[in-house]
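Colleague: Spelled out from the first residue to the last, the chains are:
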Amino acid sequence: MKNKKLLTKLSLLFIFLFACNLFWVDSLSASGISADAGLTPAANRWIFKTQFRLMQRDNHPTMNQEMTMQMYPVVIAYGLKSNIALMVRQAFVEKEMTMMGKTTNSSGFGDLLFMAKYRLVRVNKPTYTFGIAPTIGIELPTGNDAFSSNGYDLRFGTYFSGRRRRLSMDVNMLYIVNGIKKESDVSTEIGNEFSMVSALGYQISMGSDGNFSFTPVIESSYLKTWHDTNNGINLVNTGESLFLLSPGFKITKSSIIFESLFQIPVWQEQNGLQTERTSSFLIGIRIMN
Amino acid sequence: MYKKIKIIFIGILSLFLIISMIGCASGGNDLSAFMNDTNKLRVYEIFGMDCPGCHGGLENLISMVPGVVASKANWEKQQLQVVVDSKIEVTDQQIFDAIKEANFTAGKRLK
Chain V
4 MKNKKLLTKL SLLFIFLFAC NLFWVDSLSA SGISADAGLT PAANRWIFKT QFRLMQRDNH
64 PTMNQEMTMQ MYPVVIAYGL KSNIALMVRQ AFVEKEMTMM GKTTNSSGFG DLLFMAKYRL
124 VRVNKPTYTF GIAPTIGIEL PTGNDAFSSN GYDLRFGTYF SGRRRRLSMD VNMLYIVNGI
184 KKESDVSTEI GNEFSMVSAL GYQISMGSDG NFSFTPVIES SYLKTWHDTN NGINLVNTGE
244 SLFLLSPGFK ITKSSIIFES LFQIPVWQEQ NGLQTERTSS FLIGIRIMN
Chain X
42 MYKKIKIIFI GILSLFLIIS MIGCASGGND LSAFMNDTNK LRVYEIFGMD CPGCHGGLEN
102 LISMVPGVVA SKANWEKQQL QVVVDSKIEV TDQQIFDAIK EANFTAGKRL K
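Quick note, the sequences are listed as chains V and X, same order. Counted the way my numbering counts, the first sequence spans residues 4 to 292. Counted the way my numbering counts, the second sequence spans residues 42 to 152.
Source of the hints: derived by calculation from the structure; they are not laboratory data. Note that the structure is a prediction, hence the values are computed from the model and not measured. Incorrect hints may have been included.
[Stated by the list, open to error] DSS-like, lysine-lysine: derived pairs with alpha carbons at most 25 Å apart:
#1 X:K81 <-> X:K128
#2 V:K128 <-> X:K152
#3 V:K128 <-> X:K118
#4 X:K149 <-> V:K128
#5 V:K128 <-> X:K141
#6 V:K84 <-> X:K141
#7 X:K81 <-> X:K118
The task is simple: from the sequences and hints, build the whole structure.
Modeller: Following this line, the structure appears as structure tokens:
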């Protein structure tokens, strides 16, 4: 019930932000930072993207537990045709876990992700641009045990992109169907995930030849992970919902984009006893040919 | 080994940041360097570019049109400047097709 009310409020917020984008007199250009929210790149164009993400989870009042995770994802995207883009992502992860005063460290590669994006709609007008691009992806269980879902995960997403002069808004919706994890002959169905990220930004042009810009960005993210299940029974202490607000910025210089974001959880609800998400930090760079 | 990967990663990130910052201080390519008796300048209206990052993909595709010597896009002015070799026939349609491949929409030819 509480979730339903929140979802209604969030939906209204997104509609409001979207309406602002469409009717703003003089504004928009941003693109997502924490999530890829762009449309397909030009044909034959390569994009290399890498980030450093610092994520922390703090102890629940009744638990003496915390976790720090550092992630280094690398994404390579290619514009196969003007309306089809292919992407591959590989992340390296470092994790530090403290439980009851005892700290353990682990590190390794995450699962390999392949994604394809199809530009369904793109309207370019003198005063605005609008586009929709659905995506489909598969995550292979290639990662180290600690960072792998140990199953084939499917991803279905849709990207909405709107620009009105210097103002931009991107909305990215993604649903992940997680696979089955097998540990010591026990099969656990990992809970599916849903995320909705919207990014709103205002592009400030710097320099005389229009090839350098600074863009303050504000992102809002709703993330939901369903319960893990075993033989159809929900497992306790799994599944969560959270809402993040993230101020950040992008610096674009011709074919290089430097970006940074600070994610602040403003609302979260974990099932059972679980650590809570604290603020996260992200810094990244994109290079395009 | 993992520490090495981390150091290399942060090193690459810092290097590109420095390069991009140095690059910010310098100007873009000036088409006047390509102008002579045989090369002619054309200017097209173009819609859909929304940041300086769009220029590269478009300029790459335009440069693949036979007869194009150089090009420069400007997202703010919504314009594309193309220097063509007048000895080789380059039609507007060839330019429009390249613009479409870059996911943008061509407007009028202004010059």
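Colleague: Against each hint, give a clear statement of whether it holds in the structure.
Modeller: A quick look at each hint next to the structure:
With a CA separation close to 10 Å, the supplied pair K81 (chain X) and K128 (chain X) stays within the 25 Å bound. Of the supplied pair hints, the one linking K128 (chain V) and K152 (chain X) holds, its CA atoms being roughly 20 Å apart against a limit of 25 Å. Straight-line distance between C-alpha atoms of K128 (chain V) and K118 (chain X) comes to about 14 Å, which keeps the hinted pair within the 25 Å bound. Simply put, K149 (chain X) and K128 (chain V) have alpha-carbon atoms about 13 Å apart, close enough for the 25 Å limit, and the pair holds.
Among the hinted pairs, K128 (chain V) with K141 (chain X) is consistent with the structure: their alpha-carbon atoms are about 13 Å apart, no more than 25 Å. Between the alpha carbons of K84 (chain V) and K141 (chain X) the distance comes to roughly 11 Å, so the proposed pair stays at or under 25 Å and holds. For the hint linking K81 (chain X) to K118 (chain X), the alpha-carbon distance of about 20 Å falls within 25 Å, and the restraint holds.
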